[in-house]
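K.L.:
Just so you know, the protein sequences line up as chains A and B, in that order. My numbering numbers the first residue of the first sequence as 18 and each following residue consecutively. My numbering numbers the first residue of the second sequence as 18 and each following residue consecutively.
Derived from the structure by calculation, the hints contain no laboratory data. There's no promise every hint is true.
Pairs involving identical chains hold if they fit within one copy or between any two copies, as the list cannot separate such chains.
[Unchecked claim] Distance condition first, Cα-Cα at most 30 Å in a straight line; then the derived DSBU-like pairs of lysine-lysine: (1) K81 / K94; (2) K463 / K239; (3) K144 / K273; (4) K70 / K81; (5) K239 / K94; (6) K81 / K273; (7) K463 / K94; (8) K463 / K70; (9) K239 / K144; (10) K239 / K81; (11) K463 / K144.
Number of protein chains: 2
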Amino acid sequence: MKTLSQNAAATGSAQSSVAEVARRARAASRRLARLSNDTRNEVLLAAAQAIEKATSTIIEANSKDCQAAERAVAAGKMSPAMLARLRVGEHGVQEMAARVRDVARLADPIGRRLAATQLDDGLVLYKESCPLGVIGIIFEARPEVVVQVSSLTLKSCNAVILKGGSEAAHSNEALVAVWRECLNGFLVVPADAVQLLQTRSDVMELLSLERDVDLMIPRGSKELVEFVMRNSRIPVLGHGEGICHVYVDRAADMEKALRIAVDAKVQGPAICNAAETLLVDEAIAARFLPQIFARLREAGVEVRGCSRTRALLGGQNVVPATEQDWATEYCDLILSVKIVNGVEEAITHINQYGSRHTDAIVTEDRETAQRFLDEVDAAGVFHNASTRFADGFRYGLGAELGISNSKLHARGPVGLEGLTTYKYKLFGDGHIVAEYARGERQFQHKTLS
Amino acid sequence: MKTLSQNAAATGSAQSSVAEVARRARAASRRLARLSNDTRNEVLLAAAQAIEKATSTIIEANSKDCQAAERAVAAGKMSPAMLARLRVGEHGVQEMAARVRDVARLADPIGRRLAATQLDDGLVLYKESCPLGVIGIIFEARPEVVVQVSSLTLKSCNAVILKGGSEAAHSNEALVAVWRECLNGFLVVPADAVQLLQTRSDVMELLSLERDVDLMIPRGSKELVEFVMRNSRIPVLGHGEGICHVYVDRAADMEKALRIAVDAKVQGPAICNAAETLLVDEAIAARFLPQIFARLREAGVEVRGCSRTRALLGGQNVVPATEQDWATEYCDLILSVKIVNGVEEAITHINQYGSRHTDAIVTEDRETAQRFLDEVDAAGVFHNASTRFADGFRYGLGAELGISNSKLHARGPVGLEGLTTYKYKLFGDGHIVAEYARGERQFQHKTLS
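Bound conformation, chain A alone (with noise of 0.2 Å):
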């Protein structure tokens, strides 16, 4: 661990409790409100440039953790798939610094205007939208996620507290070492926007740091995310799973379904936004099961059906779906199948059943659509168009943190807006409110555009 102790002032945390980097990142993000879009700019595409002249240094730190993910891959402690997506290349590196450009071609998320009304003559009041101040993130291996997360809270003038997986130790030294290297080049930026947590125990001690945290985002596995929900008392930001339901409805085109299920199943049966139950309308399942089985089975996918869906398809070629199977989340080319006996118990069965992700139906009759989209408690709900569209850059958020199932603050896909707040700024010229409880003026409550 030498190397990481010598490289403390370079990511500003080893020798400091976590309860002064995060009063280090409160001071931080006070000094980050006042800074113009231009300047974060400037700052995002010196940053993009300082990475690519350290692409030798980013490789080498890079390197050291994958010897040792090597000896951990060769003893059976680490999955061959973890060191793949440790492991970072030089055309790794470019793809770091393009994304840091992309986020400065974003919009300002800071400073927009959400409403605006003149309470009276001479008093009006703003409704602006603000960074949150301080985000902390928790994440395993892939170290762009430092520059990614790093470039984007800069963005919204966030200061960001980092904890990686210890496998990629020495690569996310390097990288905020890199970026903090850049901040400190501009006397108006705090270095302190972005700081490195090195140890599992400085966990427990950030999730009860509420007064200086503001938000918690858990990226990486399912346990990962719950026990950061479970031990927070910062509000989390995080998705659970994604149990996506495509359903066929009695008036669906027939070659639009077929398209739909087959897309949502297995163009990326490993995302979150996969679907894991084909539900079927009991007035078309003769016609539409046999043929999507054909579909699935040509792409390999293994069916669980109920136990009419069995009879219909021959229980030889379909495992029997348990209780269990309804509320699973594959990610694997596994599809569970239940005929319905229409939209009504499609609904329930997706309310009681699904994670509230996204869902799709799939019909040419918009009134039953339109119930569809109203009653499927879900942060997608999606007509004729595959679970898969579920993500931030198809949505054309430019950036995407991850896809929130909660239905507070930020749902589905999250992009920048989702590092932001709003705050009330009211500009008056000594109004007092005992004149208006004495009835000597009265509110005008004029929406300003």
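Model the placement of chain B on the given structure of chain A, informed by the hints.
P.N.:
Using the frame of chain A, we list chain B on its own:
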């Protein structure tokens, strides 16, 4: 408690488990999501009428509560203030009905288009406001909360589970019975949109039902709010303390500063938006402090000062302020006063001790004001106006559920919008992601107005 169980059917809960109540609320919320604004308003107007018609029943139930409360006051077990909040006369019932009609007049919070993007030809994404689903509310005394919350949740297509204080059991039950009977008169509106819980033990179970309850709103003492926040697995919308500040800058107009400082403390000292601490720039302290001190003394305000304040005003006039004073919400005619060396120290003090509710600066210097408004971390930041304006009605929100110190979801005075979330509705025509992944189609991401 005979009356309570007799009325079980009317209030919809006394014989059910809390989990069943919540499931019924969830089912009701689905039907509510389909109601047009016209239907909702029609129901609200009918409910207002039903309340007026039931005036004598309501007053009779209330007088039972008041008789018990009078005995409790006589025995020293209840404060006279609580008895006062409990009592409902004929005028009170009229007021309740009037408020319901006010809610009917508010703009529809549901189905507002927050964003619209054409992702590609025939593939259009809408971000639309929608109901949260099921709201839980825990409140004390004040039976009019039943009517206020029932009308706001109906207007926003949410189901609500009410838990009032036992001191108002008969009043709350009578009001809920009138409301549910009115809902029963409309075929499309489920009576389970409003349900009442009776016992304190129900509360803990309610707080664990995160699958069927989307938001908890505690309204009452600080202890109640903290209890709910500590024990809830459901997100909580509740305001904590209101430690508000007025900072009088060196560039302040003296007369405006005097008006605002007095109003902020005196006009409603028990309300959360009243000022608790006055910060005075050292550059004008010698001129300003004696004047404000005279006015505050005239209004009966006790001043607790820092050592410099005491040196300036005479130690015999001013109680010494302790560290604890800076972090105290007095809810009384007490004001702590501190001399600071300028706007920087004022901001630092507020961010350290404040409750992120509302803070004001008095200055004629626009740059100083701008800095204060950007750097003070609070839901309301005011320039030359009293903190007492921080209120849903004064802001023109039309209704206020409370004031939130949280930065997520709803911040500051919370109106109807706080009872909504949003969903993404995607309309396609058989669109699948595979075609974009293969490069056969490109996203357009065209913002629609």
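K.L.:
Regarding K81 and K94, is the shortest C-alpha distance of 30 Å or less found within a copy, between copies, in both, or in neither?
P.N.:
within (17 Å within a copy, 70 Å between copies)
K.L.:
At most 30 Å between C-alpha atoms: does K463 with K239 qualify within a copy, between copies, both, or neither?
P.N.:
Classified as neither: same-chain Cα gap 48 Å, cross-chain 34 Å, threshold 30 Å.
K.L.:
How do K463 and K70 come out at 30 Å by Cα distance, when the copy is not named: within, between, both, or neither?
P.N.:
neither (54 Å within a copy, 36 Å between copies)
K.L.:
Reference check for the pair K239 and K94, CA-CA at most 30 Å: within, between, both, or neither?
P.N.:
within (19 Å within a copy, 50 Å between copies)
K.L.:
For K239 and K81, with the copy left unspecified, which applies at a CA distance of at most 30 Å: within, between, both, or neither?
P.N.:
For K239 and K81, the Cα distance is within 30 Å only inside one copy (27 Å; across copies 53 Å).
K.L.:
Evaluate K81 and K273 at a C-alpha cut-off of 30 Å and name the case that applies: within, between, both or neither.
P.N.:
neither (50 Å within a copy, 64 Å between copies)
K.L.:
From the Cα coordinates, with 30 Å as the cut-off, is the pair K463 and K144 best called within, between, both, or neither?
P.N.:
both (14 Å within a copy, 26 Å between copies)
K.L.:
Within a copy, between copies, both or neither: where do K463 and K94 come within 30 Å Cα-Cα?
P.N.:
Neither: 65 Å inside a copy, 47 Å across copies.
K.L.:
Taking 30 Å as the upper bound on the Cα-Cα distance, should K144 and K273 be classified as within, between, both, or neither?
P.N.:
between (44 Å within a copy, 24 Å between copies)
K.L.:
Within a copy, between copies, both or neither: which one fits K239 and K144 at a CA-CA cutoff of 30 Å?
P.N.:
between (36 Å within a copy, 27 Å between copies)
K.L.:
Within, between, both or neither: how does the pair K70, K81 come out at a Cα-Cα threshold of 30 Å?
P.N.:
within (19 Å within a copy, 79 Å between copies)
In this structure, the hints that do not hold are numbers 2, 6, 7, 8, in rising order.
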